[in-house]
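Visitor: Spelled out, the chains give:
Protein chains: 2
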Amino acid sequence: MQTGRVRKAPENFLDAAGIRQVNTEAKQGRRDFLRGAFAAAAAGAAAVAHAAPAPAEGDPDILQAPEHTTGLGQPVVTDGYGKPSKYEANVQRRQSPGLTQTRQASVSFAPLQSLFGIVTPSGLHFERHHQGWWDIDPSKHRLMVNGLVKAAKVFTMDELMRLPSVSRFHFIECGANTGMEWGNVAVPTCQYTHGMLSCSEFTGVPLITLLQMAGADLKKGRFVLAEGADGSSMTRTIPMELVESGQVLVAYGQNGEMLRPENGYPLRLVVPGVQGVSWVKYLRRIEVGDQPWATKDETVHYVDLMPDGTHRQYTSIQECKSVITTPSGGQVLMDQGFYSINGLAWSGRGKVTQVDVSTDGGRNWRAARLQGPVMDKCLTRFSLDWTWDGKPALLQSRARDESGYVQPSYRQLRGVRGTRSIYHNNAIQTWLVEESGEVKNVQLG
Amino acid sequence: MQTGRVRKAPENFLDAAGIRQVNTEAKQGRRDFLRGAFAAAAAGAAAVAHAAPAPAEGDPDILQAPEHTTGLGQPVVTDGYGKPSKYEANVQRRQSPGLTQTRQASVSFAPLQSLFGIVTPSGLHFERHHQGWWDIDPSKHRLMVNGLVKAAKVFTMDELMRLPSVSRFHFIECGANTGMEWGNVAVPTCQYTHGMLSCSEFTGVPLITLLQMAGADLKKGRFVLAEGADGSSMTRTIPMELVESGQVLVAYGQNGEMLRPENGYPLRLVVPGVQGVSWVKYLRRIEVGDQPWATKDETVHYVDLMPDGTHRQYTSIQECKSVITTPSGGQVLMDQGFYSINGLAWSGRGKVTQVDVSTDGGRNWRAARLQGPVMDKCLTRFSLDWTWDGKPALLQSRARDESGYVQPSYRQLRGVRGTRSIYHNNAIQTWLVEESGEVKNVQLG
Chain X
107 MQTGRVRKAP
117 ENFLDAAGIR
127 QVNTEAKQGR
137 RDFLRGAFAA
147 AAAGAAAVAH
157 AAPAPAEGDP
167 DILQAPEHTT
177 GLGQPVVTDG
187 YGKPSKYEAN
197 VQRRQSPGLT
207 QTRQASVSFA
217 PLQSLFGIVT
227 PSGLHFERHH
237 QGWWDIDPSK
247 HRLMVNGLVK
257 AAKVFTMDEL
267 MRLPSVSRFH
277 FIECGANTGM
287 EWGNVAVPTC
297 QYTHGMLSCS
307 EFTGVPLITL
317 LQMAGADLKK
327 GRFVLAEGAD
337 GSSMTRTIPM
347 ELVESGQVLV
357 AYGQNGEMLR
367 PENGYPLRLV
377 VPGVQGVSWV
387 KYLRRIEVGD
397 QPWATKDETV
407 HYVDLMPDGT
417 HRQYTSIQEC
427 KSVITTPSGG
437 QVLMDQGFYS
447 INGLAWSGRG
457 KVTQVDVSTD
467 GGRNWRAARL
477 QGPVMDKCLT
487 RFSLDWTWDG
497 KPALLQSRAR
507 DESGYVQPSY
517 RQLRGVRGTR
527 SIYHNNAIQT
537 WLVEESGEVK
547 NVQLG
Chain E
107 MQTGRVRKAP
117 ENFLDAAGIR
127 QVNTEAKQGR
137 RDFLRGAFAA
147 AAAGAAAVAH
157 AAPAPAEGDP
167 DILQAPEHTT
177 GLGQPVVTDG
187 YGKPSKYEAN
197 VQRRQSPGLT
207 QTRQASVSFA
217 PLQSLFGIVT
227 PSGLHFERHH
237 QGWWDIDPSK
247 HRLMVNGLVK
257 AAKVFTMDEL
267 MRLPSVSRFH
277 FIECGANTGM
287 EWGNVAVPTC
297 QYTHGMLSCS
307 EFTGVPLITL
317 LQMAGADLKK
327 GRFVLAEGAD
337 GSSMTRTIPM
347 ELVESGQVLV
357 AYGQNGEMLR
367 PENGYPLRLV
377 VPGVQGVSWV
387 KYLRRIEVGD
397 QPWATKDETV
407 HYVDLMPDGT
417 HRQYTSIQEC
427 KSVITTPSGG
437 QVLMDQGFYS
447 INGLAWSGRG
457 KVTQVDVSTD
467 GGRNWRAARL
477 QGPVMDKCLT
487 RFSLDWTWDG
497 KPALLQSRAR
507 DESGYVQPSY
517 RQLRGVRGTR
527 SIYHNNAIQT
537 WLVEESGEVK
547 NVQLG
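Those sequence lines, one after another, are chains X and E. So the first sequence is residues 107 to 551, counted in our numbering. So the second sequence is residues 107 to 551, counted in our numbering.
In short, the hints are calculated from the structure, not lab data. All of these numbers come straight from a predicted model, not from anything done at the bench. Hints may contain errors.
Any copy, or any two copies together, can satisfy a pair, since identical chains are not distinguished.
[Unchecked claim] Here are the simulated lysine to aspartate or glutamate pairs, EDC-like style, with alpha carbons at most 16 Å apart:
1) K457 / E425
2) K189 / D241
3) K192 / D243
4) K256 / D396
5) K326 / E544
6) K192 / D241
7) K402 / D185
8) K326 / E350
9) K457 / D495
10) K325 / E347
11) K256 / D323
Chain X on its own, in the form it takes in the complex:
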């Protein structure tokens, strides 16, 4: 149902005669009492991208009760581990053609325009690999804690999983999410503009527990280095304040089961509110130290080029941001009338407190409904009722978080950051609804 949600249905409600027919057949106890509805549907079925070829109107096949209304279906445990419907094959993460040189050092984007609520299905979680992903044998994986500690320790997975754990819902966003938009590239869909964003229930051990077990010197040791086991040698500095807050987790669980291989199985760091690169995958080592390490991935990459030519470093927190996911770029409004404007808001500094929505490019704003529970450093779903009058419209959302920070316009963001950044673009997104109903990505000042 990738674009279906904003399309006009092929047919409106059955007319009075159709309803009478359905009622009559239902009273006769006929099992095909919905055939009137099916007949109505068949006429417009070709408009639905993934529908089977539409039989011609009057085709005797569609006057039969569908097989599923009387037949014997599939058995339990058909495939061991369940999969989405074949009709949802179009809903998948996608690589942006030409964005990267190889598919191992690359990105796949989550299909935000097709998702509901706040949980991202693990099979659709965005990917960002620096040297490809691995399926590491957990019985051989180890986590070492060393550096400014009394006694360095090496943990097996079984040892880690015996310790007290916590489970928390958090978003993860790549620092480069929406990066193409700095250059006004205006990629067509919200999958590509904002799809390096996902949200899961993560389960693991607070890192502070492991540091305490190793006797970490928390007076001198004001930083930790997190190191991954894959060939990219991903290493990131994390300030000790974040660890001491208890929020940083050494996580093995994601959405109820073990992490997926693409997301760091069997162990990754969870650093709520901080850009994804610090959530080191295939985590194998934590070192306690007295200063930042200035590794390649925090000096050459993931830095912000400022207007004065300097690089801004260690800008890890993902600031407050939001995006409308329906209607959004690439979708089509098939007629005038009611639509539920729907989207996601998040902040690396805490809870989202308000989302305003504009349909006229920011002249007027209305407060959207926030879907609870609104959680700390977690996606929040918002919605607003809207009646489209068929004229061009400019849809925008603007989030505010509990620190009082308000998501900036492009003009405001560029005033501070210039135009030569890659990372940390949290500006207000604009979708243009054209008179034809087509929705396009545009940038307003």
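Following the hints, complete the assembly by docking chain E onto the known chain X.
Guide: Relative to the frame of chain X, chain E by itself:
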């Protein structure tokens, strides 16, 4: 990692010499600096069920850096829709051998002992089919609203998905969950005792919205009938109070994506707090009426045989209940020492307010930690620190909900219900930890 969590690791932490070796090699910049740890692991690897054959100690292979630390991994979008690690193949829903005559009218149980947090991965959601499952074409599916309404309506999926939606986390439990235990059958694992239980973020339209659109007579129409499109002709009566509360949803979304075929794709009813049979799958019709329908699935099935020989009917609410999932039946505690007792609690009457845990069969109780957010009619994860002294232990959990109701013992439940029921067993579960560390299902009075 199905049983790994409560097993002792093959080796404890590296000794001082091992740590020195790791440190020395790390300083030399060697990429195989973890080989000490791998050597330590190899000796005990055979104890881990899913490990590859363990090389003999001193085998030159294990002195090599694992390929993943230097090699090029798998590319993004390897399979389109992601899957769990191959090392998790043992974590799957399972059919209870011999429980049902056919696999179409059957059950598969969720592997609760392997799950974390509260979200059930959709690929592991329990199944209960009355005539098998179907993958229904959503472009042809319709929902009819009729009966005591001004104007009967038939909705397409696109029409439903244009309406304002809500997303909410709720548990779903089959009324027959833990049914085998009435007969003291004591099936071995919590997958089979309690695994007809799952929890998801559901997205859909409140049913009351659709009734209002059809002009339902809410004065006379105090009940609705929900009817499924599959061959089992599942029909269930729902009291209008539940619908008027706004909690009953016509749902198409589950954990961020469309419902899975086994769970009713493209449309199912969500009736929070009520037994799963009323969450009608493949939902095709809602009829408004002035009295309960007394259909086959509410007169012959899903009734409780009471001690006086009468049948108790329409006992739909799933009362407050809990179960310890680790340690639980079939698992083995490999040594004395620290364990995190971990489990799930839920109530069809609202939020869980307290869970007490006993390790001595109910003589002494300690309050467990509840993992937030604690949500209405949703699973709540609890945990308690425990040090096992190696002697036999009887593990129990007892939940309380916001109505003040306390989960009963078997003695209390049988006092009211007798012993000839199938459905609605919410008694306290007991796991016996034997001196050998083996955990078994036992019933205490």
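Visitor: None of the hints should be skipped; say for each whether it holds.
Guide: Verification of the supplied hints:
| no. | hint | result |
| --- | --- | --- |
| 1 | K457 / E425 | within (11 Å within a copy, 33 Å between copies) |
| 2 | K189 / D241 | between (20 Å within a copy, 11 Å between copies) |
| 3 | K192 / D243 | between (31 Å within a copy, 9 Å between copies) |
| 4 | K256 / D396 | within (15 Å within a copy, 73 Å between copies) |
| 5 | K326 / E544 | neither (58 Å within a copy, 45 Å between copies) |
| 6 | K192 / D241 | between (26 Å within a copy, 7 Å between copies) |
| 7 | K402 / D185 | neither (44 Å within a copy, 31 Å between copies) |
| 8 | K326 / E350 | within (14 Å within a copy, 60 Å between copies) |
| 9 | K457 / D495 | neither (34 Å within a copy, 43 Å between copies) |
| 10 | K325 / E347 | within (11 Å within a copy, 59 Å between copies) |
| 11 | K256 / D323 | within (8 Å within a copy, 73 Å between copies) |
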